[in-house]
Structure formats: C-alpha cells, structure tokens
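There are 2 protein chains.
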Amino acid sequence: MAQRKGNLMGVRADVKVLDATIRDGGLCNKFRFTDEFVTELYKTNIKSGVDYMEFGYKASRDLFNEADFGKWKFCKEEDIRSVVGDNISDMKIAVMADVGRCDYKTDFLPRSESVIDMVRVACYIHQIPAAVEMIEYLHNLGYETTCNIMAVSQANTNQLEEALAMLCDSSVDVIYLVDSYGSLYPENASDLAKTYLAAAEQSGKQVGFHGHNNQNLAFANTIETLSYGVSYLDATAQGMGRGAGNCAMELLLGFLKNPKYNLYSLLTFIEKYMLPLKASGVVWGYDLQYMFTGQLNRHPREAMTFTAENRSDYCEFYKSLLDNF
Amino acid sequence: MAQRKGNLMGVRADVKVLDATIRDGGLCNKFRFTDEFVTELYKTNIKSGVDYMEFGYKASRDLFNEADFGKWKFCKEEDIRSVVGDNISDMKIAVMADVGRCDYKTDFLPRSESVIDMVRVACYIHQIPAAVEMIEYLHNLGYETTCNIMAVSQANTNQLEEALAMLCDSSVDVIYLVDSYGSLYPENASDLAKTYLAAAEQSGKQVGFHGHNNQNLAFANTIETLSYGVSYLDATAQGMGRGAGNCAMELLLGFLKNPKYNLYSLLTFIEKYMLPLKASGVVWGYDLQYMFTGQLNRHPREAMTFTAENRSDYCEFYKSLLDNF
Numbered sequence: 141m142a143q144r145k146g147n148l149m150g151v152r153a154d155v156k157v158l159d160a161t162i163r164d165g166g167l168c169n170k171f172r173f174t175d176e177f178v179t180e181l182y183k184t185n186i187k188s189g190v191d192y193m194e195f196g197y198k199a200s201r202d203l204f205n206e207a208d209f210g211k212w213k214f215c216k217e218e219d220i221r222s223v224v225g226d227n228i229s230d231m232k233i234a235v236m237a238d239v240g241r242c243d244y245k246t247d248f249l250p251r252s253e254s255v256i257d258m259v260r261v262a263c264y265i266h267q268i269p270a271a272v273e274m275i276e277y278l279h280n281l282g283y284e285t286t287c288n289i290m291a292v293s294q295a296n297t298n299q300l301e302e303a304l305a306m307l308c309d310s311s312v313d314v315i316y317l318v319d320s321y322g323s324l325y326p327e328n329a330s331d332l333a334k335t336y337l338a339a340a341e342q343s344g345k346q347v348g349f350h351g352h353n354n355q356n357l358a359f360a361n362t363i364e365t366l367s368y369g370v371s372y373l374d375a376t377a378q379g380m381g382r383g384a385g386n387c388a389m390e391l392l393l394g395f396l397k398n399p400k401y402n403l404y405s406l407l408t409f410i411e412k413y414m415l416p417l418k419a420s421g422v423v424w425g426y427d428l429q430y431m432f433t434g435q436l437n438r439h440p441r442e443a444m445t446f447t448a449e450n451r452s453d454y455c456e457f458y459k460s461l462l463d464n465f
Numbered sequence: 141m142a143q144r145k146g147n148l149m150g151v152r153a154d155v156k157v158l159d160a161t162i163r164d165g166g167l168c169n170k171f172r173f174t175d176e177f178v179t180e181l182y183k184t185n186i187k188s189g190v191d192y193m194e195f196g197y198k199a200s201r202d203l204f205n206e207a208d209f210g211k212w213k214f215c216k217e218e219d220i221r222s223v224v225g226d227n228i229s230d231m232k233i234a235v236m237a238d239v240g241r242c243d244y245k246t247d248f249l250p251r252s253e254s255v256i257d258m259v260r261v262a263c264y265i266h267q268i269p270a271a272v273e274m275i276e277y278l279h280n281l282g283y284e285t286t287c288n289i290m291a292v293s294q295a296n297t298n299q300l301e302e303a304l305a306m307l308c309d310s311s312v313d314v315i316y317l318v319d320s321y322g323s324l325y326p327e328n329a330s331d332l333a334k335t336y337l338a339a340a341e342q343s344g345k346q347v348g349f350h351g352h353n354n355q356n357l358a359f360a361n362t363i364e365t366l367s368y369g370v371s372y373l374d375a376t377a378q379g380m381g382r383g384a385g386n387c388a389m390e391l392l393l394g395f396l397k398n399p400k401y402n403l404y405s406l407l408t409f410i411e412k413y414m415l416p417l418k419a420s421g422v423v424w425g426y427d428l429q430y431m432f433t434g435q436l437n438r439h440p441r442e443a444m445t446f447t448a449e450n451r452s453d454y455c456e457f458y459k460s461l462l463d464n465f
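Those protein sequences? They're chains A and B, same order as listed.
The first sequence lines up with residues 141 to 465 when you count with the numbering used here.
The second sequence lines up with residues 141 to 465 when you count with the numbering used here.
Any given hint might turn out to be false.
Since the list gives no way to pick out one identical chain from another, each pair is judged satisfied if it fits inside one copy or across any two copies.
Calculated cross-link-like contacts (lysine-lysine; reagent style DSS-like; alpha-carbon spacing at most 25 Å) [to be verified]: (1) Lys245 / Lys418; (2) Lys211 / Lys400; (3) Lys145 / Lys334; (4) Lys145 / Lys211; (5) Lys334 / Lys216; (6) Lys400 / Lys145; (7) Lys334 / Lys211; (8) Lys459 / Lys412; (9) Lys183 / Lys418; (10) Lys145 / Lys418; (11) Lys170 / Lys400; (12) Lys187 / Lys459; (13) Lys334 / Lys418.
Since the hints were derived computationally from the structure, they do not count as laboratory data.
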C-alpha cells in the first residue's frame, strides 16, 4: 500500500495548480465570457499564485461554427495575447485540444512564436494512439503536453494499464486522471492515482487530477489523490464547470500550505465577477440530478437536459435513468 | 498504518445509519417542523432502511422557554409517541441530550416505559466527567448511549487520549467523532478515527462519525472514516443542519451497498417535503462564509450571523474573521 507523500502541514514543491474556469466553465455558457471577466481572472490567478491558467479549447473551426460560441472555444493566438500580452508573469498559459475535434497540424504555432506554454490533449481511452500522435507533434513544436484520459471510471484495468504504458513511452509530461462522471470516491480515486503514479514515476512523468462534483467529492478526491503523489491539480472559481462542476479553487487554495497561494485575491474576483455571473442565470454545481449520474457512473448528459429544462421532478428523472441503464 | 475494513463493493454488517434531520436540521428552524413532515420522515426512514432516527433534543425546560421552540427541542415522550406509536418498526429512536443543558434525572423514563432506544450525550472535551455521569445514569435506565465529543478539531492529543480512556472505562456503547467546525480533511479525519478505533476496539465499543459540510467534505469524511472501521454514520436529508449542514443522506444511501438501504423512498420525501422547506426560506448548506470558518477551524457563529443578515460581502467578512483570530 503506497504511503502518503508529505503531510497536511507541509509544502510539496511538485504541486502545480491549474485554473480551468474558462475552459470547463465555458461549457456552461458556450465560452461567452466578457473580455473584462477573462482579463480580471488572469490578473487574479497571477496574484493567487496559480501555476497554469487554461484559456479554453483549440477547437476545429471546420467542425464548429465560430458564430455559435465565444472565442475561448477556439483560443486564437491573438485573442489570448489581447488578454496576456506577452505574458510576462510566472504563470503559464494552457489550452485544451480534444482528439478528433481539433486541427492541431494547422492551428498551433511553434511554441517559440506562441504565448501558449502547455497543450492538454483530451481523449477517451480508445483514442490513446491518436493522442500520442498529437502529443509527439506538439512536443516537437516545443509545448509542454498533458494527456487527459476522460471517463476513466468506465475503463477496465487492462485497458488502463496499456494506455498508461503507451503514454509512458511517449513524450507527454503529465498524465491526468479525469473523473468525468464524478463517480469516483476518495478510496478508488486514490487507488487509481496509485496506478497512474506507479507507471509515471518509472518514466519521469507527473500525474494530474481533474474532478467533477456530482457526489460533492471533487475537492475531496483532489486532495486525497494529491496526498498519494498527484502533482497537477485542476480547479475552477466556485467550481464552475460542466454539470455539477469541478473542484472549487477557493477550497483548494485554502487547503494548500504553500504561502505562494493566496485566497484573498480570488475572493475579490468571486465577489465582483462570479456572483453576478451566477445571478445572470449561468447554472452549474452539485444537485440531485448530477448525484444520480455520478452514482450510476454515467455521462451527465440527461442531467444537463433536466437542468436546462428547469425540472424538479427528481423522482421521475431518477426512474427514467434506471429505465435506460 | 491501519488498513481499510471491507471495500467499496461489499457490505459491512456493523454499519448503522442515523438520520439526524430533525435534530441537527432543527437548529435551522428552531425545531418548527410540521407534524406531517416528521411523520412522513419517520415513514421514509423506515422504508429507506435507516437504523436510527434522532427526533431532537431533550433540552431543559428550565433553561429554555418552550414557547421559543418547536417541540423537538424537548422531545417529550408523548410527542414522539404521537408520531411513532409504540414504534413497531426495526428502526430505533434516538434523542440527543447536551451536558449541562438537560435535566436528565427528571426527564427520562426507564427505557422499558419509553419509546426511546438511544440517548446521545453531547459534550465538549472538558465535560467528559459530566458526560460519563450522565451515560452511567442513562445506561442504568436501560438506554443505549453514545458520547458525541464536539469540536474535536480543537482538542489536543493528550486531552483526546484521556477522554477516550475515560469513555472506554464507562458504559457508553458508541463514541462519536464530531467535526463540529467542518475543518477536518479526509486525511486527518481518518487519522483521528484510527485513534478512536484503537481505543474503542479494546473495550468492545463502536465509533461513529458526524460531519459538517463547511469545506464540502461531510460526505467524503464520512465514507473515509467508515472505510477504516467507523460504524455509526450520521446523515440528514439534503444535508440539512446547522450552518453548512451535514452529510447528505441521499449521498450516503447511494454509496452504501447493503440492499437494505433504499434511495428512492428518500427521494420521494425530498421532492415532497424538503424542496418546499427550502423554498419557504429555511437556509442551510455549503457557502463561502462557512468555508472560511472551516478553513480557520473555528465555530461558525459569525458565519451564521452573516447568513442571517443576507450579506454577500464575502471579502469584508473574511477580513473581519482574520482580525478576530
């Protein structure tokens, strides 16, 4: 049984906090954030000691119509630069690119010409070969890369071991454990993290965790997997993210003992920008419909529809989920 | 390092689920539940497989004015019987009595004449001698007893070891780890649970856990301490309880694998009774002000006032907490 690394009082130098508010939160409002919101969040993250800020997706403009989304679905170089200039801060800039839903061979500059530092390659477990091809291409352009294996709670052990072996043979820097359905508990999230860490440590790679809050466990799973050696921690302001949302940055910054992390700057942003965003009708966060899909270990799409339709007939909804198992 | 007991797939025969909705939730509405609410919750708990239902406090009618509270602050025998009759169900009936705020020598019948099965004695750690005196008295009346040591996150290790030794020498049946301030993380909640369990196992006693949701960890801490051997688990419908509330019963019932536990009955109750209760203006649950007091390991009283005053100036409030540390 793997031991915990560090303890609740100490600082772990390997820890990196990534703010995914615009990217995962953008799934709640089609990436339609005001320029002021994004600029203030950028400044806030720098003040709060956040290590990486994810600006959104590099989605294919062939597959997706630009008019249907805010600009952070596409993260053009000039749009990021309009916020960060040359990003003279210590905080690094990340974007996400989905396997099969981006044009990575045309849409990425060499890193030396870009303000982007890291590309996070998201895929399902059967797409690992395609992910590795993307990772090698982006690595050769000079980027830090991660591979975010989504929906891992539905993968079987053999698949996962093979996927991890392929990634450990690749140039990827960080392998992410992603609880897309919010169905993991601290106990099995930690067991999975130990599997990732055992593979990663042999090949000098880091492991990250990205949680969802369907069972109110996003923060708990983040700090539990952290305690066993996970280093890259995703969080968002007020947990803003698809469906039940993610690990709340304010919980995470309040937990971490490294004095570089500063909660108060984030509180100012929350009060000034997040509360009005919620009041404007953008919806995310824990609710029963997401608890159901988390408990049943399935995609939250029906729960998102239930939310969008302003329904509160939880019993009928729960029965319909059991009917469609 | 203590191992986990059982696993995520199995059933642990020692587990007992206690519904504390009327008792801890009553702190949100001065125990003013309708008779219909309490009666339907009683039926729901039986259908859901809940092992104990806590009806409220046995508070002193000298110290507290009956007109200021609903009847579940006092839990008179006839009031409980008006709901449960002779309680012919398998579910047991519990009440809580606070050390120093009850008249236990006059207000308890012998168990053979009462419908109450268990008395939970709540105290702070410096009140253990008084708690033990109460426990022995109530044990001699025939009741099952627990000792709920509140605010344990502020006790030091020596105090705690002495308290546990005194309780292990007493007639108490269950010793509760109570995270009154919602300041524990799964890691230190589990370490504390192991300390309780090591003491309790030598003397044939059980250990319980009662969480608060200040850092969104009430459920996580409940199932983590469970995994190391805690047996008695407190939860409430929709987490209703003082301040940030408690572990949500629906999360717990969805987690436990014993087929005796039934989520659907509870959902029906939530839809019919809890949603209207919330809509009527009774307030509880996770919010930033409670996160602050949890992170700072202190009583939520200022956060409760902040809530009662409908404030949303979180930054000012946070600064005021730091000023009064």
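Cross-check of the supplied hints:
Taking CA atoms no more than 25 Å apart as the test, Lys245 paired with Lys418 passes in neither setting, with 37 Å inside one copy and 52 Å between copies. Taking the shortest Cα distances, Lys211 and Lys400 never come within 25 Å of each other, neither inside one copy (31 Å) nor across copies (51 Å). Taking the closest pair of Cα atoms, Lys145 and Lys334 come within 25 Å of each other both inside a single copy (12 Å) and across two copies (19 Å). Taking the shortest alpha-carbon separations for Lys145 and Lys211, neither the intra-copy value of 40 Å nor the inter-copy value of 50 Å comes in at or below 25 Å.
Taking the closest pair of Cα atoms, Lys334 and Lys216 never come within 25 Å of each other, the shortest separation being 37 Å inside a single copy and 52 Å across copies. For the homomeric pair Lys400 and Lys145, the shortest alpha-carbon distance inside one copy (20 Å) is at most 25 Å, but the shortest distance between copies (38 Å) is not. Proximity of Lys334 and Lys211 under a CA criterion of 25 Å is satisfied in neither setting, with 37 Å inside one chain copy and 51 Å between copies. Proximity of Lys459 to Lys412 under the C-alpha cut-off of 25 Å is restricted to the inter-copy arrangement: shortest distance 16 Å between copies versus 40 Å within a copy.
Taking the shortest Cα distances, Lys183 and Lys418 sit within 25 Å of each other inside one copy (21 Å), while across copies they are farther apart (37 Å). In this assembly of identical chains, the alpha carbons of Lys145 and Lys418 never lie at most 25 Å apart, being 37 Å within a copy and 42 Å across copies at closest. With identical chains, the CA atoms of Lys170 and Lys400 are never at most 25 Å apart, being 32 Å at best within one copy and 43 Å at best between copies. For a Cα distance limit of 25 Å, the shortest separation of Lys187 from Lys459 across copies, 17 Å, qualifies, whereas the shortest one inside one copy, 47 Å, does not.
Neither within a single protomer nor between protomers do Lys334 and Lys418 lie at most 25 Å apart by alpha-carbon distance, with minima of 37 Å and 41 Å respectively.
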